[in-house]
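J.: If you want the building blocks of each chain, they are given just below.
Protein chains: 2
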Amino acid sequence: MRRTITGFSNPTVKFLRSLREKKHRRREGKFLAEGLRLLTDARASGVVPEILAMASGRPAHPLLDELEAAVSAANGDVIEMDEDILAKVTGKENPQAVAGVFAEFDTSLARLDRSASPIWLVAQALRDPGNLGTMLRTGDAVGAGGLILIDDCADPFSVEAVRASMGAIFTQHLAIARWEEFLPWLRDGAGQLVAASLREPTDYRAAHYEAPCFLLVGNESQGLPEAYEAECDLRVTIPMRGRADSLNAAVAGAVLAYEALAKLEA
Amino acid sequence: MRRTITGFSNPTVKFLRSLREKKHRRREGKFLAEGLRLLTDARASGVVPEILAMASGRPAHPLLDELEAAVSAANGDVIEMDEDILAKVTGKENPQAVAGVFAEFDTSLARLDRSASPIWLVAQALRDPGNLGTMLRTGDAVGAGGLILIDDCADPFSVEAVRASMGAIFTQHLAIARWEEFLPWLRDGAGQLVAASLREPTDYRAAHYEAPCFLLVGNESQGLPEAYEAECDLRVTIPMRGRADSLNAAVAGAVLAYEALAKLEA
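Those protein sequence lines, which keep their order, are chains A and B. Under the UniProt record's numbering, think of the first position of the first sequence as 1, with each following residue one higher. Under the UniProt record's numbering, think of the first position of the second sequence as 1, with each following residue one higher.
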């Protein structure tokens, strides 16, 4: 259904804006993705927004037409509004802007099929939504099954994480769990748990990786808790040749994932 | 010299705040770095701020005492101000906050000694200051000589880039140049120019790297211009196993740099 909204105080506008905050996303079970490219990526992955918001009087675009048709075919809402109202939703002064509302995915561990991929990324207490989105994007690139978020991580459904994922939020499986849930789940099946460690001397290039390989990266400032590393099957270190003692968490995950990918495919 | 500032309208406060904007940084030739850790990293690299700003009544900290002594010994200014004034400078409500003003470095190509390191990172039209800072951090980690910024990149002296560099802004050499200046400079000495390409089929792990190796990564959305790639000695591709066609630029740089590092050291 296509309709037009003319006022800032319209409840749908308020609803869309509210999804920029985590508590509202959680309550509604919905999240916001912005930009024609991201929404087109979602559609290519078979995910269509429940609500599509765009500026009235927007220039026609074939990808937008296809998107609108897909939303309508799925009985979703297509909502037009003035540019300045849409800017309140997207936070951007861009008449080309479009935004979509999606239902959040089930993030339970039980849904993951570990045999679906040789590599899985696992992040513990990852606080930066940009890093989180980048890890999803890297996961897609290495053909990972998905990203498992341990303990208190940034919200993967935040606008920033969704944007940094460059569409991988729609292709990678996502699970959220406490360490106390994750470890028994992992040990209940096949799986090598590999820690990106700042302590251990084993070079990441000399290590032996086994599928399904779960690559665990720790918090941006603290790294992994020692007790977590102790539970891992393998602890590997990426060499540091300079003054700094660590890499950006998303970078460390990617360097490790590409090494494991190459070894597993060799 | 230690002094106390009590008003928001104090010229030094205005000066500090102004350094959040590029045009003022360029005019003054100064930049701002925030946080005790970053300032301590700078000092460990032999770089001491010209001005150190901190909250009056701040709890004592041995690292801060050492920093203050180093600034005073170098005839720098130590300035105390109320928490709420400092918050205007740092943009953060944090009484632990400290900020330092540094002179911008000379970023001419002529200053680089290419024989100083086997690896150099080169970024073209890199727009995100977080990516830029992350590349500096990665450069430090792989023992790169520095980062060369080609064409219109984000400002490496922005607060965001400095923060993301995690201190590497003080350890990595930095040069800024147009492509038309860079290429003749590069060809005027030893150096293998390697493009991170989205087009070429040569796997980055099968390639032969030679020191000094200049690893060139392109813009976040466009990648490298075809004409630039054509000028490179080698074009390599990082495999993409998923739906996405590219990695985050800083991630691509890191994956490539670690592979080149391993091959060059083998």
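There's no promise every hint is true.
What the hints assert, rightly or not - Computed list of lysine to aspartate or glutamate pairs in EDC-like fashion (alpha-carbon distance at most 20 Å, straight line): (1) B/K30 with B/E93; (2) A/K23 with A/D151; (3) B/K92 with A/E104; (4) A/K263 with B/E28; (5) B/K263 with B/D245; (6) B/K14 with B/D128; (7) A/K23 with A/E80; (8) A/K14 with A/D65; (9) B/K263 with A/E104; (10) B/K92 with B/E34; (11) A/K23 with A/E210; (12) A/K14 with A/E83; (13) A/K30 with A/E50; (14) A/K30 with A/E104; (15) A/K263 with B/E226; (16) B/K263 with A/D151; (17) B/K23 with B/D128; (18) A/K92 with B/D128.
Hints in this document: simulated from the structure, not taken from any laboratory.
J.: Indicate, hint by hint, whether the structure satisfies it.
T.: Here's how the hints hold up against the structure:
1. B/K30 with B/E93: violated (24 Å)
2. A/K23 with A/D151: holds (18 Å)
3. B/K92 with A/E104: violated (32 Å)
4. A/K263 with B/E28: Outside the cut-off at roughly 51 Å; violated.
5. B/K263 with B/D245: violated (26 Å)
6. B/K14 with B/D128: violated (26 Å)
7. A/K23 with A/E80: violated (26 Å)
8. A/K14 with A/D65: violated (25 Å)
9. B/K263 with A/E104: Status violated; Cα separation ~43 Å.
10. B/K92 with B/E34: holds (10 Å)
11. A/K23 with A/E210: Violated, because 39 Å separates the two Cα atoms, which is more than 20 Å.
12. A/K14 with A/E83: holds (15 Å)
13. A/K30 with A/E50: holds (9 Å)
14. A/K30 with A/E104: holds (5 Å)
15. A/K263 with B/E226: violated (31 Å)
16. B/K263 with A/D151: violated (37 Å)
17. B/K23 with B/D128: holds (17 Å)
18. A/K92 with B/D128: holds (17 Å)
Of the numbered hints stated above, those contradicted by the structure are hints 1, 3, 4, 5, 6, 7, 8, 9, 11, 15 and 16, listed in ascending order.
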